[in-house]
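Undergrad: Sequence:
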Amino acid sequence: MKGSRKQNILVGALVLAILGLGVYWYLGRTGTPDVAVQSVGVNQTAPQDQFVALLASLSSLKLDTSFFQDPVFDRLVDFGARVSLPSSRGRRNPFAPLQ
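Counting in this note's numbering, the sequence shown runs from 635 upward without gaps.
Please keep in mind that the hints were generated in silico from the structure rather than gathered at the bench. Heads up, the beta-carbon is just placed ideally off N, CA and C, and yes, glycines get one too. One or more of the hints may lead you astray.
Unchecked claim - For each label pair, taking beta carbons as the anchor points, the in silico distance ranges come out as:
{"#": "1", "residue 1": "Gln703", "residue 2": "Gln733", "range": "53 to 61 Å"}
{"#": "2", "residue 1": "Pro731", "residue 2": "Phe701", "range": "50 to 58 Å"}
{"#": "3", "residue 1": "Ser700", "residue 2": "Gln733", "range": "54 to 62 Å"}
{"#": "4", "residue 1": "Gln684", "residue 2": "Phe707", "range": "30 to 38 Å"}
{"#": "5", "residue 1": "Val686", "residue 2": "Val649", "range": "49 to 57 Å"}
{"#": "6", "residue 1": "Phe729", "residue 2": "Leu695", "range": "41 to 49 Å"}
{"#": "7", "residue 1": "Leu732", "residue 2": "Val686", "range": "49 to 57 Å"}
{"#": "8", "residue 1": "Ala647", "residue 2": "Val686", "range": "40 to 48 Å"}
{"#": "9", "residue 1": "Thr679", "residue 2": "Ser721", "range": "55 to 63 Å"}
{"#": "10", "residue 1": "Thr679", "residue 2": "Ser718", "range": "47 to 55 Å"}
Construct the complete structure from the given sequences, taking the supplied hints into account.
TA: Right under this line is the structure:
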């Protein structure tokens, strides 16, 4: 009878240990598979679909170019300074060995 009681205690402890490991494994999962296990699916095309939708919305865009014919636009003056290039520009190939 004593051997049977010890055996029942060991089996009960083993069952509790297995249940405990199962609960730990189940609750310890992050919910996301490892990178090596991830499958290529529909979610990977979502950014591409957004980009295509953005391009489609740009194709319907119309620019008003009538301001180029406006007299005010024709009277605009460029006040930028002209940049003069130096007379000697350096070597033709700066990476060539010196001779």
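Undergrad: Please go over all the hints and tell whether each is borne out by the structure.
TA: Outcome of the hint check:
Taking the beta carbon of each, glutamine 703 and glutamine 733 are about 58 Å apart, inside 53 to 61 Å as hinted. The hint said 50 to 58 Å for the Cβ distance between proline 731 and phenylalanine 701, and at roughly 55 Å that hint holds. Range check, serine 700 to glutamine 733: Cβ separation about 60 Å, and the 54 to 62 Å hint holds. Distance hint check: the CB atoms of glutamine 684 and phenylalanine 707 are about 37 Å apart, consistent with the given range 30 to 38 Å.
About 56 Å separates the C-beta atoms of valine 686 and valine 649, a value consistent with the hinted range of 49 to 57 Å. Restraint check, phenylalanine 729 to leucine 695: a C-beta distance of roughly 44 Å satisfies the suggested window 41 to 49 Å. Judged by the Cβ atoms, the range 49 to 57 Å given for leucine 732 and valine 686 holds: they are separated by roughly 53 Å. Checking the proposed 40 to 48 Å range against alanine 647 and valine 686 shows it is violated: the Cβ atoms sit about 60 Å from each other.
For threonine 679 paired with serine 721, a C-beta distance near 57 Å keeps the hint of 55 to 63 Å intact. The hinted window of 47 to 55 Å between threonine 679 and serine 718 holds, with their beta carbons roughly 53 Å apart.
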